[in-house]
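Chains as they are written, first to last, in the working numbering: chain A, 421 to 840; chain B, 421 to 840.
Please note: incorrect hints may appear among the correct ones.
Repeated chains share a single entry, so a pair holds when one copy, or any two copies, can fit it.
[Said to hold, decoys possible] Straight line, CA to CA, 20 Å or less: simulated EDC-like cross-link-like pairs of lysine to aspartate or glutamate:
(1) Lys475 with Glu630
(2) Lys730 with Glu619
(3) Lys719 with Glu691
(4) Lys534 with Glu806
(5) Lys646 with Glu618
(6) Lys534 with Glu800
(7) Lys646 with Glu547
(8) Lys475 with Asp496
(9) Lys438 with Glu750
(10) Lys505 with Asp515
Rather than coming from a laboratory, the hints here were simulated on the basis of the structure.
There are 2 protein chains.
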Amino acid sequence: MSQNLENYAESLAVDARKAGRLLALTSGRQRYDALLAIAEALGREADAIIAANAKDLVAAEENKLTAAMLDRLRLDAGRIAKMAKAVREVAEQPDPVGEIISGWMRPNGLRIEKRRVPIGVVAIIYEARPNVTSDAAALCLKSGNACILRGGKESFHSNMAIAAIIADSLRQSGLPAAAVQIVNTTDRQLVPLLLRQEENIDLVIPRGGESLIRAVVEQSRIPVIKHYTGNCHVYVDAGCPPELAEQVVLNAKCQRPGVCNAAETILFHQEAADRLVPAIGRKLIEAGVEVRGCPRTLKLLSGARTADEKDWYTEYLDLIVAVRVVDSLEQAVEHINQYGSHHTDAICTLDVRAADRFVAAVDSGNVMVNCSTRFSDGGEYGLGAEIGISTDKLHARGPMGAGDLTTYKWVVSGYGQVRQ
Amino acid sequence: MSQNLENYAESLAVDARKAGRLLALTSGRQRYDALLAIAEALGREADAIIAANAKDLVAAEENKLTAAMLDRLRLDAGRIAKMAKAVREVAEQPDPVGEIISGWMRPNGLRIEKRRVPIGVVAIIYEARPNVTSDAAALCLKSGNACILRGGKESFHSNMAIAAIIADSLRQSGLPAAAVQIVNTTDRQLVPLLLRQEENIDLVIPRGGESLIRAVVEQSRIPVIKHYTGNCHVYVDAGCPPELAEQVVLNAKCQRPGVCNAAETILFHQEAADRLVPAIGRKLIEAGVEVRGCPRTLKLLSGARTADEKDWYTEYLDLIVAVRVVDSLEQAVEHINQYGSHHTDAICTLDVRAADRFVAAVDSGNVMVNCSTRFSDGGEYGLGAEIGISTDKLHARGPMGAGDLTTYKWVVSGYGQVRQ
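Please take these sequences and the hints and turn them into a complete structure.
See the structure below:
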């Protein structure tokens, strides 16, 4: 069995490499047509997907998944139509492949070009939601990459049904079916074996909880781009007008608390604290938020609990917020750089020096000035669908679209030049 | 001792992070001035460096290093002047930091900017040549990164002398001395400990032999950009004129055989082989090159030995070349993608369809059309000094300059926007 798994991991990688080499030679039009065929087939075959999804739902109920998890797993005609629509939207994006990023002539007549090309083979390891399967496949195909998708065991049957539809559409479009391979086993031992296929897999993107991501980083010989969830902050500067602070803080915390770009800690400059902590704190409590404050916060706000060191590190993903009064902008920056997850952090201020200083000093992928952290999102930036929000600094940082699934090659053209 | 080493690894990383945070706030002018101060001090303190280098040379002779290695290790006034000149050249490059890579307005009035910033902390693990110490320090400082440099034990005393000079210059320029830290122990156990400081080191660049690089990849929790040496090819297409093929092949193989962008295998299209293998093969042999050929090559060229499977994988870095006759351009591409190291590969052809097909299909960081592989180099491309030639596909591919030691952050500016 272990030998079988090893062979399976290797064959996934080898087949993906072959498919990736063919994809690198396709035109944008061919990939566009294949994406439309996939979108169309998802709609046409919705009943088959729903039937497969029903098996996952039965298993999920037996395994006593929470109502929230069941909801994320469930597919109906409306959700499948949305999946198809997302694939169509990816198809309609401009083709990232083939762009001449830059180019120039050298004195010896050589023409130097930096040309955008697909990365090759991308493996994505993710949990739960079956719509990730079609989204990830579409983004990889758009950017000319073969992909290996390893979804969660909860959505296994749904994923297999989606896999069959995608493979069919690829074949009908004249593209290799191995351009999109969805792992057909739930055996957890496959993942470490995949992570050793460094000859034939170029990039691994883990999407899910922190323990999944840490395990992938620990085991992988292949470069990994991490998508940690966000411990995001809003810092309210000394002279910030109350309306500005209030609307940003409340939106960042309350508009959708369960997602990675929601705020988890609010920092108030001490000169703003007397004015703003009581009013904004009360609004938060009225909105159903549990407030955990530093000692100075507790003096200004009744109904808050004491925050401890652990709170500053915590992504609640819930209606809970940590609040701290800081001495200065510098202390706010230090707090964010120490406790934060380098995802998204905001400042509320009308002082341009403070804004510039905050933007330069906060070591995060997304820095917001006078707007909600909730805007940290590929769609909100106008990038189209995203494969996730990178919390890494290399290759891609922040929202990652199809263009971030490309690399470049140097093309040097001459007519017999040699080096002296 | 092991506990001491652990503490040392951690303190290197923590101090580098602090220095990196300060560097992120410096102006290009401050970093420029510091680089000029370092260049000036290297010249002024040449005697101290030469004295330290003498200790390394004594140890090297005791350890029976080869003459070539001794030569690479030796520093004299001329070589130190070159090191200083290289630092000055890096200083004179445009500042990569602060560029607005792109930006736009959203319908809701938010301004989105993708702004180039330093990566943070870069660790470079390298061997032998002491000039890498000042080159790497200069490129990291230019791009606003703190660096941790771990050189080879052979150049330990030289590196320590260079370290003292750089630290002094940084202090006098008002920059943190920990912006450039050179590891002060030769204990090999330090490297794996450094590779676990993922909280405070953002990137590792190993430069050296394949076994060093593999060990780093295996142990690192930090993203690694690999710089493997090159198994480079020249493919001579069916109708290629003899002069073009000859000048490119001879230059690629013979001009400097010991470096990574020299050619190791020559592939001839079968329709060109009768015309070109005897003539070019003879010229190679006359130039002192040992030729190892496939069966078809041996029939066309006397004086060649038989190549075996291992030869196709080998980077000789010497006056040896493997020669194979292939059926088609497609077979040449397949050979290169299978046996090559994705570094630099060339085609010689006047047929634009063949050139385009080769450029698209060869999965290498540098693809040359009608010119020598030896041009694969940051200086030859006009990029200035390079930290190396990446054989990876993520973040940076091919010659890596100061600009490749940066990342970006998204800066989103508004006036109270919230998400609905």
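Discussion item. Checking each numbered hint in turn, tell me which of them this model violates, lowest number first.
Written reply: 1
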